[in-house]
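Asks: Residues per chain are reported as follows:
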Amino acid sequence: MKRNIIEHFKNMDTLLAIVILLVVSLFIVQSLEFNYPSNVFPLTLEALIALFALIILLKPRKIKITSEDENQDTPNWFKIGGMFFGSVIYLIIMPLVGFYITSFIFISFTAWIIGKNYSIKALGISSAVSLMVILLIFAIFYIFVQVPTPSGILL
Amino acid sequence: MENDYLQLIMSGLLNTLNPANLALIILALAAGVIVGAIPGLSAAMATALLVPVTFGMDPATGISMLAAIGIGAVYGGSNSAILLNTPGTPASFVSTFDGYPLSQKGKADDALYTALYCSVIGGVVGALGLIFFSIPLSSVAIKLGPPEYFWVAIFGLSTIASLSYGAVFKGMLSGAIGLLIGTIGLDPVMATPRFTFGYSPLMQGINIIAAMIGLFAFSQMLVLASSNKTTIANYQKRKGAATSVIYKLFKSSKFNILRSSFIGTIIGVMPGAGAEIASMVSYNEAKRWDKNPKRFGTGEIDGIVASEAANNASIGGMLMPTLTLGIPGGAAAAIMMGGLLTHGIQPGSKLFTNHGDIVYTFMISFLVANLLLLIVGLLLIKVTIRVLNIPIRFVITGMIVLCTVGTYALQNSMLDVVVMVVFGVIGFFGNRAGLDNAAIALGLILAPLTENALVQSLLLAKSEDSLFNVFISRPISLVFIILTIFTLVLPTLLAKRRKLSGNQYTENNKEVG
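Chains as they are written, first to last, in my numbering: chain A, 402 to 556; chain B, 448 to 960.
Okay, chain A solo, but in the shape it has when bound:
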């Protein structure tokens, strides 16, 4: 178990360093086109980032596993995926349909998906709570504070 955790952290470090080196090289390519003094600060930072990433990639690793690491839950990727894609769809539909209607649908379905009970009754409860939340948000943001929200064909 402990060995798996150590391997996991080592792989994470390697992956992190490689991703950062790739991204920073994109930034460096753009920075080379800037003139003085616009390039001073970004180039300094890019050099630092590349240096730190290389240190993380190459340094011998002494990873201390804390009890917190050992007790960490395995992430529920189904729920994370459900929430992430739910959010993306929410953001795509929102400017078309309108903030309040989309938010009502988003809360109802996403709360149902990331809950533990997938019955129709649970969806009903999610929808009822969602309606209350949206009415409250509508009262605060639309009526009292008058904060602008994305508007679509509906509300």
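In short, the hints are calculated from the structure, not lab data. Only a predicted model underlies this, so the values are computations on that prediction, with no experimental measurement involved. All C-beta atoms in this analysis are idealised placements derived from N, C-alpha and C, irrespective of residue type, glycine included. Among these hints, one or two may not hold up.
[What the hints assert, rightly or not] Heads up, simulated DSS-like pairs for lysine-lysine below, C-alpha to C-alpha not over 27 angstroms straight-line:
1) B/K829 <-> B/K686
2) B/K741 <-> B/K552
3) A/K517 <-> B/K698
4) B/K552 <-> B/K738
5) A/K460 <-> B/K741
6) A/K517 <-> B/K676
7) B/K552 <-> B/K686
8) B/K741 <-> B/K797
9) B/K684 <-> B/K829
10) A/K522 <-> B/K738
11) B/K695 <-> B/K829
12) B/K590 <-> B/K829
[Claimed, not checked] Some but not every residue of chain B turned toward chain A, in silico, with C-beta under 10 angstroms:
13) L669
14) T677
15) G791
16) R840
17) V872
18) A880
Go by the hints and put chain B onto chain A.
Replies: Same frame as chain A, but now just chain B:
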């Protein structure tokens, strides 16, 4: 002259204690706490929303309400920081470090009461500073030039070293990533578009608040979604928590409270530094002087003390240059200054002679508002703490909706909402890979200040033909250089000293044994 001064203070006190004025201040405080607790709706935004309401009011009352809503919002931000690991305002992001772990340990009420009491004390210290030291401190602030600001920013960045205990390279990497992201958009000196990758809306840069909502709120919602919990934390109401916290604070944190309040006030005076940097620096100092700094970040009351005392104290500090020099110390102060101008009051050196009665009514109201925050806060804690018992799936989805509306309201831009989600994903995966979201946020906050100051100082050095004269030899710069070295070196020295004294203690015990 002294009589005039006392007379102005007395007249300010009488105007403030008018029941209608007090009622409006209480209302503004409560509204501020609620708005501040919603991610994206910052103290500046809360103040801006209230400005039109104050148009028809007496100037002193209107400005007092603006100050009260700002005070409430800065404190309100700590509620969501503690309960949801999501700072309601950027000023309270440091409160997440220890506030959320305390909530997870079932001590949310301790954390919330600590935040309230320290916000009140910090606010009162800031208000007293505003009343008594406005003029002398502002005259120092006006002497700060680009080289001094550069070192102030480096001093702020040096706190990353202590933030990232045990993973210094990843901490510094996170800070540098934040700084680099902060350079996206138009360069502040030459207005050259940078890192837009051909996408022109990015010329406006990455909105810091949108990015911070993503880093802290959206990523935290992903973390909560990935867990198997049904509520955020197990919380059971404890009797006498409000009074036991007061006892504990006065027994073991009184120096921390005072130190953090002074740091907050002084940093608030520096235009552009802001409540975020105030709370960051004061957290760092609290950690540095603590006998056991490793406790910080794991649910240490002193972490909340430092952050909350400093961020509320900084509001008083911010108002000093605003009133005396007409240079707003921060965004909320700039909006308050706008409020003053709409009432025909021009901040600056003549403010105290031309509108002394209004200014002192405002200052005393500011002090009283900080005291009234205690009552408003105590009433609202009972409501906000219930969020811990709400099923987690509704907290997550409700928070995402609030984050969306809060982010969109920043500039009426869907791009900001997309930025929020992208940073949420970066925060979630970055955190799993060991990056430090707080250091990224600090880098983002300090990027404009650091770059502006660096480039202007370099241009100055070119014209003076001496890097040494510009960067090193100026007295205020020297103070910050020494403080930075102190910040970087002292934790190591103190750790060695503790280790040494620990060994001696063990040896002595062996001898006794």
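Asks: Evaluate each hint against the coordinates.
Replies: Against the structure, the hints come out as follows:
Restraint check: the Cα-Cα separation between B/K829 and B/K686 comes to about 12 angstroms, which is no more than 27 angstroms; the hinted pair holds. The straight-line distance between the Cα atoms of B/K741 and B/K552 is roughly 17 angstroms, inside the 27 angstroms bound, and the hint therefore holds. This hinted pair does not check out: A/K517 and B/K698 have alpha carbons roughly 45 angstroms apart, beyond 27 angstroms. Proposed proximity of B/K552 and B/K738 is supported: the alpha carbons are some 22 angstroms apart, at most 27 angstroms.
Between A/K460 and B/K741 the alpha-carbon distance is near 24 angstroms, which keeps this suggested pair within the 27 angstroms criterion. With a C-alpha separation of about 10 angstroms, the suggested pairing of A/K517 with B/K676 holds against the 27 angstroms cut-off. This hinted pair checks out: B/K552 and B/K686 have alpha carbons roughly 17 angstroms apart, not beyond 27 angstroms. Between B/K741 and B/K797 the alpha-carbon distance is near 50 angstroms, which puts this suggested pair outside the 27 angstroms criterion.
Proposed proximity of B/K684 and B/K829 is supported: the alpha carbons are some 10 angstroms apart, at most 27 angstroms. For the proposed pair A/K522 and B/K738, the alpha carbon gap of about 54 angstroms is over 27 angstroms, so the pair is violated. At most 27 angstroms may separate the alpha-carbon atoms for a hinted pair to count; B/K695 and B/K829 meet this at roughly 20 angstroms. For the given pair, B/K590 sits about 46 angstroms from B/K829 by alpha-carbon distance, which is inconsistent with the 27 angstroms threshold.
The closest approach between the C-beta of B/L669 and any C-beta of chain A is roughly 6 angstroms, which is under the 10 angstroms cut-off, so the hint is satisfied. This hint holds: B/T677 has a C-beta 8 angstroms from the nearest C-beta of chain A, less than the 10 angstroms allowed. Given hint, B/G791 at the interface with chain A, is violated; its Cβ is 26 angstroms from that chain's nearest Cβ, farther than 10 angstroms. Interface restraint check for B/R840: the shortest CB-CB distance to chain A comes to about 4 angstroms, inside 10 angstroms, so the restraint holds.
Given the 10 angstroms rule on beta carbons, the hint for B/V872 holds: about 7 angstroms separates it from the nearest Cβ of chain A. Hint status for B/A880 relative to chain A: holds, with the closest Cβ pair at about 4 angstroms, below 10 angstroms.
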